[in-house]
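Residue numbers (the working numbering), protein chains in the order written: chain A, 63 to 421; chain B, 2 to 55.
For the record, the hints were derived by calculation from the structure and aren't laboratory data.
C-beta: ideal position from N, C-alpha, C; glycine also.
Any given hint could be a false lead.
Negatives, chain A to chain B, calculated, CB over 10 Å [as the list claims (entries may be wrong)]:
# : residue
1 : L82
2 : F307
3 : V337
4 : V361
5 : T400
Chain B side only, calculated, beta carbon under 7 Å to chain A, not exhaustive [said to hold, decoys possible]:
#  : residue
6  : V9
7  : G14
8  : M15
9  : L23
10 : T25
11 : F26
12 : I27
13 : P28
14 : D30
15 : A32
16 : N33
17 : D35
Here is how the chains run, residue by residue.
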Amino acid sequence: MSQINVNTITNRDKTGGPNLVGITTVSGNFNVTDNFNVTGVSTISGLTYPTAGPLSNRNKIINGDMRIDQRNAGASVTNPAASALYTIDRWWIYGTSATKFSCQQNAGSVTPPTGFTHYLGFTSSAATAPASSDIYTFSHKVEGFNTSDFGWGTANAKTLTLSFWARSSLTGTFGGGLGNSAGNRNYVFSFTISVANTWEYKTITIPGDTSGTWLSDSGVGIQIYWDLGSGSSQKGTAGSWGSSFYYGPTGGTNLVGTNGATFYITGVQLEAGSVATPFEHRSYGQELSLCQRYYLQIVTFLSATTNFTALWPSTMRAAPAVTSSGTIFLAGVTPTTTAGWFRDTGSGAVYNVYVNAEL
Amino acid sequence: MYQEVNHVGGGRGMVKLLKNGLTTFIPFDPANTDYQKYLAWIAEGNEPLPADES
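Please construct the entire structure, taking both the sequences and the accompanying hints into account.
Printed below as a string of structure tokens:
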């Protein structure tokens, strides 16, 4: 007998389910209303949603839903000349020449994809024809402590999947590059925007890199770039590993080449495996805390010639640089990953303090 | 312009950077990207102002 068609199967004394031995395929719905014990299963494919189990913290991207913007609180910024600039938390931009594009949380005020309230938007400020070596990009760096489980640089390197929602006023091939801290291992990826001004969900599976040096400490574990119109020498062939760093695919769309062109992105997730699971929505407090490992702002009041100790809300990635205005200064003690010590040398005031340990 | 700042207990403490009306104190931490920028600035042949107290 190769097939039985019944609604219910019980064991011989009718007190529970049967022991099923050797079954390899179940077609159609398979409903279980009691305990379901499985032994010996080594592979389950096709699952796209973690209905239970310890599958939290699978997204290595922090602020992938673009909600946290401590620095600019939703205000627009333009790219400086040949200098990295952090915009919303954990995301930064770079452009060879200044003011070629702007970046803003929820730029253009379009409706985000279902389930999201924020996105990161880029708008071209000119019709720029990039020189061959020019770079126009935005990027996210993942700390090595958070990517060590990928095993990259070893024979056990895991396959990763990058997923996100994207929308552009332009159609065509877009893409980016993914690499190590030293920039001598690189994988170029590409995706297509098929319909202008419409959110599209993109998934990209990246084979694990078994060679190269991939940091597993507080340095850059993996850096990911999306290309906004870099020059031809900054682009390479998509879909393979190499030792030259490229910011996007050869022939990719040049966003900065069209004045007013837009590119929006949200729901960015980088996870182990070859399947893109739905975006992992962490709580706002948890996401903010993750961001504050790299950057935070505090407001403090000091009366004249007083000292003040600030405990950072998160242990920071490295001893931070501390920026302030007015007459508040660090009290001659180097800030640590957990605290800073301040002294007001003036007549007292409310001070904004910016604490930076970004990658 | 960068200026090294002595630690309150003596010895090298931090680097102070005055820029755009803001004061940034940068620890001597190789993992700090602002310190990495300072080292790159030194490598270009620049010299910080003489050390001062914070």
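Verification of the hints:
1. A cut-off of 10 Å between C-beta atoms confirms that L82/A is not in contact with chain B; the least separation is 55 Å.
2. With 10 Å as the threshold on Cβ separation, the claim that F307/A sits away from chain B holds: the shortest Cβ distance comes to roughly 18 Å.
3. V337/A, annotated as away from the interface, keeps every beta carbon of chain B farther than 10 Å; the closest lies near 34 Å.
4. Listed as a non-interface residue, V361/A keeps its Cβ farther than 10 Å from every Cβ of chain B; the least gap is roughly 15 Å.
5. Under the 10 Å C-beta cut-off, the non-interface status given to T400/A relative to chain B holds; the minimum distance is some 13 Å.
6. Hint on V9/B holds. Least Cβ distance to chain A is approximately 3 Å, under the 7 Å limit.
7. The criterion of a C-beta within 7 Å of any C-beta in chain A is met by G14/B, whose closest approach is roughly 6 Å, and the hint holds.
8. For the restraint placing M15/B at the interface with chain A, the shortest Cβ-Cβ distance is roughly 6 Å, inside the 7 Å limit, so the hint holds.
9. Nearest Cβ of chain A to the Cβ of L23/B: about 5 Å, under the 7 Å cut. The hint holds.
10. The interface hint given for T25/B holds, since its Cβ lies 4 Å from the closest Cβ of chain A, which is under the 7 Å cut-off.
11. Among the interface hints, the one on F26/B holds; its C-beta lies about 5 Å from the nearest C-beta in chain A, closer than the 7 Å criterion.
12. About 5 Å separates the beta-carbon of I27/B from the nearest beta-carbon of chain A, less than 7 Å, and the hint is met.
13. With its C-beta approaching chain A no nearer than about 4 Å, P28/B sits inside the 7 Å limit, and its interface hint holds.
14. Checking D30/B against chain A: minimum C-beta separation of about 4 Å stays under 7 Å; hint holds.
15. Checking A32/B against chain A: minimum C-beta separation of about 4 Å stays under 7 Å; hint holds.
16. Restraint check, N33/B versus chain A: the minimum CB separation of about 5 Å is within 7 Å; hint holds.
17. Taking 7 Å as the C-beta cut-off, the interface hint given for D35/B holds, the closest approach to chain A being about 4 Å.
Hint compliance for this structure: every hint is met.
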